[in-house]
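Student: Residues per chain are reported as follows:
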Amino acid sequence: DTGVSQNPRHKITKRGQNVTFRCDPISEHNRLYWYRQTLGQGPEFLTYFQNEAQLEKSRLLSDRFSAERPKGSFSTLEIQRTEQGDSAMYLCASSLAPGGGSIAFFGQGTRLTVV
Amino acid sequence: GESVGLHLPTLSVQEGDNSIINCAYSNSASDYFIWYKQESGKGPQFIIDIRSNMDKRQGQRVTVLLNKTVKHLSLQIAATQPGDSAVYFCAEKAAGTASKLTFGTGTRLQVTL
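Going line by line, the protein sequences match chains R and W.
Per this note's numbering, the very first residue in the first sequence carries number 11; after that it's consecutive.
Per this note's numbering, the very first residue in the second sequence carries number 6; after that it's consecutive.
Okay, chain W solo, but in the shape it has when bound:
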């Protein structure tokens, strides 16, 4: 199958370790952020979202942290599993726009056994 993200930054983690994927966003007027996971040959899959009035949100095995001061977003994955291997994108939505998302460049996560 095709490969998503041939020249993306890559994060390698061992199975069972925690992963932290970082994203710098560009628009200080963005009010909503989403992390997507994309496996090769597939469309982006929603992981977790956060609004700008929050600085942390937790899901199942995932946590998103938002630092609006430095326009930084991170995704933490606990106890990383081989099935977590994929390209991860952060996306932002500007306030006042109708859910149009602007995506970052993505990070490839490789989980080693």
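Chain R on its own, in the form it takes in the complex:
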């Protein structure tokens, strides 16, 4: 499978615990994005990387959230001290830049449930 891969697919955690998600983008893609999606809503942008550099972060990304892409390949998204409001689908996407409107391909997402 050469698409965007996310792990785990599902995560249930207790409030206050830390969680980490992984995203493996399409291999030649240099841009990687994280989005969050709650039920009934479209995905909301969280952050993006070009290679290993994190170039933009949404105000939605509180200081409990951190994302890395250390070698410009896979990325991790960590949520510290999880809250029930963090329950959502976390989506990763990748694209090939430049090109301005290059298509972002999404993974299947990680469904987080905070209990």
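Derived by calculation from the structure, the hints in this document are not laboratory data.
Since the structure is predicted, the reported quantities are computational estimates derived from the model, not experimental observations.
Derived EDC-like pairs (lysine to aspartate or glutamate); straight-line CA-CA distance at most 20 Å: (1) W:Lys47 - R:Asp96; (2) W:Lys105 - R:Glu78; (3) W:Lys47 - R:Glu54; (4) W:Lys105 - R:Glu54; (5) W:Lys105 - R:Glu66; (6) W:Lys105 - R:Glu38; (7) W:Lys105 - R:Asp34.
Fit chain W to the given chain R structure using the hints.
Tutor: Frame of chain R; chain W shown alone:
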């Protein structure tokens, strides 16, 4: 499995009919638009895209129309099939930004036999 779009606008069409899904976008500075299809429990799947210097683009069974005057985008699906049942999102990218997408609220398409 989970359900995407519990309270979304719903369009019901009969199998074989054409579907038209509409989207109003917000930013007049957007220069690129994409339609995604999302099935329950899955990530968004690319359908078709269009740049702001075009007003129509066709793919296989799908056509996207862009009206920049009224900031309106539509997705037409010809000969709708049961496998087309999903939630459809339009997304826009502002000019000068690096592919960050802003998604609309989505429309659920239900195909009846």
